[in-house]
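2 protein chains.
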Amino acid sequence: MPSKAQQRYLLASAVAGVAAAIRIIRRRNMHTPPKPLPSNFPVTPADVVDAANRVKPHVHRTPVLTCNGLDELAGRSLKFKCEVFQRTGSFKIRGATNAALQAPENAPLVTHSSGNHAQALALAARSTGREAHVVMPRTAPAVKRAAVEGYGAQITLCEPTNAARAEAAQKKTEEVAGYFVHPSNEPRVISGQGTVAYEFLEQCADLDALVVPVGGGGLIGGIAVYAKWKRPSLKIIGAEPANVDDAYRSKQKGELVGHDDRDSVADGLKTLLGSNTWPIVRDLVDEIIIVDESEIKNATALIWGRMKLCIEPSAGVGVACVLSEAFRAKYPAEAYPTVGVVLCGGNLDLAKASQKLFA
Amino acid sequence: MPSKAQQRYLLASAVAGVAAAIRIIRRRNMHTPPKPLPSNFPVTPADVVDAANRVKPHVHRTPVLTCNGLDELAGRSLKFKCEVFQRTGSFKIRGATNAALQAPENAPLVTHSSGNHAQALALAARSTGREAHVVMPRTAPAVKRAAVEGYGAQITLCEPTNAARAEAAQKKTEEVAGYFVHPSNEPRVISGQGTVAYEFLEQCADLDALVVPVGGGGLIGGIAVYAKWKRPSLKIIGAEPANVDDAYRSKQKGELVGHDDRDSVADGLKTLLGSNTWPIVRDLVDEIIIVDESEIKNATALIWGRMKLCIEPSAGVGVACVLSEAFRAKYPAEAYPTVGVVLCGGNLDLAKASQKLFA
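Chains A and B supply the protein sequences, listed in that same order. Number 129 in the numbering used here belongs to position 129 of the first sequence; there are no gaps in the numbering. Number 132 in the numbering used here belongs to position 132 of the second sequence; there are no gaps in the numbering.
Repeated chains share a single entry, so a pair holds when one copy, or any two copies, can fit it.
No more than 25 Å apart at the CA atoms, straight line, and that leaves these computed lysine-lysine pairs for PhoX-like:
id	residue 1	residue 2
1	56	79
2	253	330
3	270	171
4	144	297
5	56	230
6	235	79
7	297	270
8	79	297
9	330	79
10	297	330
If you are wondering where the hints come from, they were derived from the structure by calculation, not from laboratory data.
Work out the full structure, taking the sequences as your base and the hints as a guide.
Written out as structure tokens, the structure is:
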């Protein structure tokens, strides 16, 4: 006869076992009907589903908006996923939060970024009760530094080169025994960004194609992994500035190549595909379409004027793509009547902008 | 014994009679519990309710958005009624449509305006199958003329003075046997603009005060007539640029006065209260609060930056008001924890603006 304590232990074990079994069954049901998962990627559709559940309390479920004027211009129905309304003003909070919630206990978060990921990681760290260290080039605008510091992160300045950035981040990670969160190539970031597609496909049952701006490939990577599993017929089109066309040229060549260090008004998209995002872009993204600087500026101003949404030019790249001749020719409205466009962010230096506007 | 045909007729009559009775009862119920209506205004709460039903198929029910960042700055909960997403980019389509739907059969619509009302009237005319004639000062920006012409209205240019405007509009009205729709003083326009409050109070049950930009007074007039009847304890605050403070000074003096012809970045609010809007503002609006040009610019940029909404400076006036010292002092957050702000429009010369931005 077992003792009272042994009885309690056995009962607790039995309860825990049953609960675990239920969790496994629920998880399986959530993912059924089982479809073959792509096996050669560091991120799976299940990771995106898990990320969606994980980040849900921390991020906004952003609305999908439409605009008659844009539909007329495009000659089809456009659905805009408004990550411009996301916390910190871009989708980046999704991946940063997903990574923060899985980082080793008490480890400070470390990253290098001068853009939206820096703010996102800083807020994700604050939300999850961690320290954050952000390496930024010493040329980063004061307004961006202030935003990052406003979320309580500590900034380390470095020379404005990719090598200096990576080196400084590595050093800082070692120094603080931190957890490094790459802005786009980190698998937990990729699956976090994929939650954009998780929501978008729930919100719109009728999408024929999805247009997603491409920088480091974290956003389109996570989206493609999830969306191609959930709805295999959906076309996934990457939109990239012609000035920084590494994804386009990599797809053309069939291998990962860089781009000349040219500039683009879409400053969020100047980063390069990485070891984890490139295989996804290679195998699951149907096509990359490039747009030039004036197309980007016009499309950005169009969304401001017609939809009254303050998008940043990186988001304008997706809009320019869907309005481009190349897109219309390859994906005609008759065959693709409904196209989703991710308005990925809205962070501009508006203090400067409004001074110019009202000057 | 009635014939088959007679039976059918009697049955149809009975059905129609019952349906009519139900309609009447429903309508009555919609307005009950009956409250005393203000009797000395050309617009009644019932007019606003009728307008809401009348314009419903023609206008958007605009969303109410919130923003944590703005709540923190304001120290209370702010609810933003986004007329910036309205058709033609401002609330003006509500009043114009309400007038168009009640104009004499086949009469062309005539107005004078260089701003949002011009576009709204042009679209309202097109939607209701009428001609539209718009008198604009010859100094009006080409982009505004193009927008009005884009909706199919005919433009008559005049000298840029109020007298020349009114004269040209009267002449045109006689010439085409038209129906003149004043931008703010026309009762059907006032009741149409009041539908903003009809929706807003349906969408937010917990408003303690409503802040509304004041130009000619059509918007705040319609809102005050409806809201003070529907929810008498709700405070209605007008927000006006200090540079064009005729409503403020009229309230102070207790009689309708003009303002010096100074300029304001909030160009939509440079018009004057009229014979129909002044009594409403005098009796039903709790207070007018004025804000200076730099407050308006800052508040406008704040909404761009934090909410990612491209509002025009006239809408920024309401935001500046709710953030002002005067508002905080008179309507402290403890007593007025939830305040509604009407973001009345988002029409800017964005072609020019984006050129400046991306220069």
